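There are 2 protein chains.
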Amino acid sequence: MLGYFDYPYSRPEQLTGDYIIATYLVYGTDSSNVFKKIGNFAVGQTIGTWIRIPGVTQEMVENYQGRILSMHQIPSGEETIVVLRLAFPIANFAGNFSMMLTAMMGNDVSTALRTKLIDIELAGNAIGAFRGPSQSIDDLRKLTKAFGRPLVLNMIKPCTGFSPVEGAKLFYEAALGGIDLIKDDELLGNTGYNEVADRVREYTKAAKSAAEHTGKETVYLVNITDSPSKMKDNAKAAIQSGAKGCLVNFVFGGIDSMAEICGEFGDKLFIMAHYAGVGVMNWQKGGIANSVYIGLIPRLAGAHAVMTMFVGENNADDRYDFFKTIQSQRMAIGEIKPVVTAVGGGITPLNLAGIYDDIGKDIILGVGGAVQGHPNGAACGAKATMSAVKAAVEGIPIEQAAKECEHLKAAVDCWG
Amino acid sequence: MLGYFDYPYSRPEQLTGDYIIATYLVYGTDSSNVFKKIGNFAVGQTIGTWIRIPGVTQEMVENYQGRILSMHQIPSGEETIVVLRLAFPIANFAGNFSMMLTAMMGNDVSTALRTKLIDIELAGNAIGAFRGPSQSIDDLRKLTKAFGRPLVLNMIKPCTGFSPVEGAKLFYEAALGGIDLIKDDELLGNTGYNEVADRVREYTKAAKSAAEHTGKETVYLVNITDSPSKMKDNAKAAIQSGAKGCLVNFVFGGIDSMAEICGEFGDKLFIMAHYAGVGVMNWQKGGIANSVYIGLIPRLAGAHAVMTMFVGENNADDRYDFFKTIQSQRMAIGEIKPVVTAVGGGITPLNLAGIYDDIGKDIILGVGGAVQGHPNGAACGAKATMSAVKAAVEGIPIEQAAKECEHLKAAVDCWG
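These protein sequence lines are chains A and B, in that order.
Its first residue numbered 1, the first sequence is counted upward by one per residue in the numbering used here.
Its first residue numbered 417, the second sequence is counted upward by one per residue in the numbering used here.
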């Protein structure tokens, strides 16, 4: 049972060549069957045969079979959990995420384990197979002229159901408050009643009008999500109409489709990946952890920023997940740039100093309700938010900052 | 609370226009909050605003907002389950699955419910937005010259790690037994050591050689899964090299990417969709049911056949799911053709009569281990399988049929 050609257990020290190492939590094994079940899984997800084939040499098996680098049973109250590190030869994936994720999570029924994918790492020259982001936070700062502080992003609400002209009025209001970035809602694509090109044209006009008052032009991220070839058409139409940035829903849109957009248009558009739908993929004892699916994967695929659900201190488990995801987005990986973290969900002028303290200045703060829901309107909500960001960076308590900014004072009075 | 503009509850009789109706199981509500939580969900996934916007007319809201057609609490031992039918205006989706699934399952955190998507239906003229399969079982029968009986599909094993020339030897063996279709494993794409075009060329040669003995040419389904533009390149290369069919992993490859392949190449290739990875999407209290994700969706996207995990009688819950999925694949939906069900997983000459009795002749039976694992080799395994299919259709008990076919007898002796 311990021979490599029975089950491919292999010390990590022995790994040579280019591999992607998946780390899984595995459920449903026990001491009586774990060597065999894990062994079958490693075979089933790569070479996948239970019979010796004439012509399949030992060399081929060694080149293309998965390798179990480590397998450890973890003491657990309920059921046995195994932490498994399995190395996949990158040669099997042909440089695309569809095949990589099929191999990692497309379990053959005959060798299936209940697994949750919690990490991937790049061994040997595997880093070279991924381009990563072509733009960094510095490029975004130049684009938005926002230096030395978190950037602020607003989302147009309503999500859908309005025309570009109506949307431009909403855009104008928030832009008037000095917001750095405004994005479409993830639910609005290239619809018959509100096309990408029209939206870019109207919103850019609104951005220029607002800039006459503020001195800075808010950058618009237009949601181009569509089927792959139409998404490219949308990107081209957006660029022609003056867009500098865009939004892509990559969960249902497809990671490889987004990767192609990043490769083709990443020099002309600042590309933000949106996680909508990731809840389907990430569950307690299965699926793919957020640190992988909205952390590492969009980064490796070349997105420039990723929307990430903000989690406050009241939910320790989700907050662990939140910080793990941000680590995946920004920790050094060879030449692969970090992807900019954009946090959203319940962020207001009142709590953003805490986020700044935790995560630092190189983030995008998504502020929705606190802008549009400000008692004196969106422009005032935006101004209140920008004042709060300034105060956070300067270490000035919000109550003190509110004395200098009537809009922030109104926000504190309203939500404090 | 009961006004439409507070929460969009609407009797189904009042529905006019083109909608896609999603049916969900909803967890985590109770009688004290269910009207409000469901109402917020319906708003959040479509119009998505909590504030009245000047310029957003009542007409726009009515056109683009979701409508709750029904909401019923179901008595349940543990926690309350709600069955919710929510109608989405198709105008919001712009004809692609990425945006449709984002709206249905990309829950906004502020209005999120724990939901499982268990059905979708097309109301008004929504059927017209989907092309469905361009080829039917009749086209496949003409292609394979297999009439009046289930078709038999074999999968090349090993999955990966061999050259086209080595693979062609395996192909030849199974083809010699008269198998109708042979597909790549879902783990083998267009890799550096085994490219799509080379594989098609070698396997087609093998199919023609075998046909000199059998009188029929086995059709090869080559796995073209890749990033969207490369998948099109693979499809073109496959066609140029003589391919008549292909395989697409649509879960991680992307539904819209597969839909584009079906639209562009569906007249030249018989396209089989593979479910690998669907386990990530389908969990007990969340995600998307198989009847939707490997039933309706690939059918609406235009796949010609779908691999579907076979479930035997020993697992009643999964078997319920299996039959629901097959119903979704083949029940009449206007002009949209059925997608051919391909079942796989543990099918042998010994149990296929039962599957034929349950599902009928218009299916593809995927037989892997029972072909390659036959005591006298793959050609004999294939012959045994074809004999068993013939016996099943003619209603002849397998023991009796085994008297006429030594290969079937060997199979019965081995596994009976």
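One or more of the hints may lead you astray.
[As the list claims (entries may be wrong)] Residues of chain A clear of chain B, computed beta-carbon distances all greater than 10 angstroms:
hint, residue
1, Q73
2, K157
3, D185
4, L187
5, E212
6, V251
7, L350
8, D362
9, K409
[Stated by the list, open to error] In silico DSSO-like links for lysine-lysine, alpha-carbon gap of 27 angstroms or less:
hint, chain 1, residue 1, chain 2, residue 2
10, A, K285, B, K558
11, B, K684, B, K621
12, B, K558, A, K230
13, B, K632, A, K232
14, B, K648, A, K236
15, B, K632, B, K646
16, B, K646, A, K337
17, A, K268, B, K648
18, B, K558, B, K648
19, A, K268, B, K646
20, A, K409, A, K361
21, A, K230, B, K632
22, A, K232, B, K621
23, A, K142, A, K285
[To be verified] Pair by pair, the computed Cβ-Cβ distance ranges are:
hint, chain 1, residue 1, chain 2, residue 2, range
24, B, Q700, A, D30, 49 to 59 angstroms
25, A, G124, B, R547, 38 to 48 angstroms
26, B, I490, A, Q284, 48 to 58 angstroms
27, A, S163, B, I543, 41 to 51 angstroms
Rather than coming from a laboratory, the hints here were simulated on the basis of the structure.
Since the model is a prediction, treat every value here as computed from it, not as a measurement.
Glycine included, each C-beta is placed from N, C-alpha and C at the ideal position.
Results of checking the hints against the structure:
1. Q73: holds (23 angstroms)
2. K157: violated (5 angstroms)
3. D185: violated (6 angstroms)
4. L187: Violated, since 5 angstroms does not exceed 10 angstroms.
5. E212: holds (22 angstroms)
6. V251: violated (7 angstroms)
7. L350: holds (17 angstroms)
8. D362: holds (23 angstroms)
9. K409: holds (21 angstroms)
10. K285/A <-> K558/B: Judged against 27 angstroms, a Cα distance of about 45 angstroms means the pair is violated.
11. K684/B <-> K621/B: The hint holds at about 19 angstroms.
12. K558/B <-> K230/A: violated (34 angstroms)
13. K632/B <-> K232/A: violated (43 angstroms)
14. K648/B <-> K236/A: Within the cut-off at roughly 20 angstroms; holds.
15. K632/B <-> K646/B: violated (32 angstroms)
16. K646/B <-> K337/A: Holds - the C-alpha atoms of K337/A and K646/B are around 25 angstroms apart, at most 27 angstroms.
17. K268/A <-> K648/B: holds (25 angstroms)
18. K558/B <-> K648/B: holds (25 angstroms)
19. K268/A <-> K646/B: OK: K268/A and K646/B at ~22 angstroms, within 27 angstroms.
20. K409/A <-> K361/A: Holds: K409/A and K361/A sit about 23 angstroms apart, inside 27 angstroms.
21. K230/A <-> K632/B: violated (41 angstroms)
22. K232/A <-> K621/B: violated (38 angstroms)
23. K142/A <-> K285/A: Violated, at roughly 42 angstroms.
24. Q700/B <-> D30/A: 49 to 59 angstroms: violated (21 angstroms)
25. G124/A <-> R547/B: 38 to 48 angstroms: holds (44 angstroms)
26. I490/B <-> Q284/A: 48 to 58 angstroms: violated (23 angstroms)
27. S163/A <-> I543/B: 41 to 51 angstroms: violated (27 angstroms)
Going through the hint list in order, the structure does not satisfy hints 2, 3, 4, 6, 10, 12, 13, 15, 21, 22, 23, 24, 26 and 27.
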